[in-house]
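S.K.: Sequence:
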Amino acid sequence: MGRSQELSDFKRGTVIGCHLCNKSIHDISWLLNIPRSTVSGIKTKWKQLGTTATQPQSERGQSMLKRTEVTNCLQSQ
Numbered sequence: 001m002g003r004s005q006e007l008s009d010f011k012r013g014t015v016i017g018c019h020l021c022n023k024s025i026h027d028i029s030w031l032l033n034i035p036r037s038t039v040s041g042i043k044t045k046w047k048q049l050g051t052t053a054t055q056p057q058s059e060r061g062q063s064m065l066k067r068t069e070v071t072n073c074l075q076s077q
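Heads up: the sequence shown is residues 1 to 77, going by the UniProt record's numbering.
One or more of the hints may lead you astray.
The calculated EDC-like cross-link candidates involving lysine to aspartate or glutamate, where the alpha carbons are at most 16 Å apart (straight line), are [to be verified]:
hint	residue 1	residue 2
1	Lys-47	Glu-6
2	Lys-23	Asp-9
3	Lys-45	Glu-6
4	Lys-43	Asp-9
5	Lys-11	Asp-27
Just so you know, the hints here were simulated from the structure itself, not pulled from any lab data. In this text, all values refer to a predicted model and were calculated from it rather than measured experimentally.
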């Protein structure tokens, strides 16, 4: 199964708006007709990075590397 198209900025913003209105992941998924995993990913990204905008591939790799470094640092202490 291939990847589908990216969600528009408006739809990602709608997911966050629903989240702020205390809707569950299931409810948001049903209302917007998008997979629950997508809703969860958008919420997680928004909580971690403060944005839902798509990042260029190189920036995604850098942010993932930073999270890995922090996690490894905390585990070694």
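S.K.: For each hint, tell me whether it holds in the structure or not.
M.R.: We went through each hint and held it up to the structure:
1. Among the hinted pairs, Lys-47 with Glu-6 is inconsistent with the structure: their alpha-carbon atoms are about 19 Å apart, more than 16 Å.
2. Between Lys-23 and Asp-9 the alpha-carbon distance is near 19 Å, which puts this suggested pair outside the 16 Å criterion.
3. A hinted pair counts as satisfied when its Cα atoms are at most 16 Å apart, and Lys-45 with Glu-6 qualifies at roughly 15 Å.
4. Using a Cα cut-off of 16 Å, the hinted pair Lys-43 and Asp-9 holds, with the two alpha carbons roughly 13 Å apart.
5. Simply put, Lys-11 and Asp-27 have alpha-carbon atoms about 15 Å apart, close enough for the 16 Å limit, and the pair holds.
Of the numbered hints stated above, those contradicted by the structure are hints 1 and 2, listed in ascending order.
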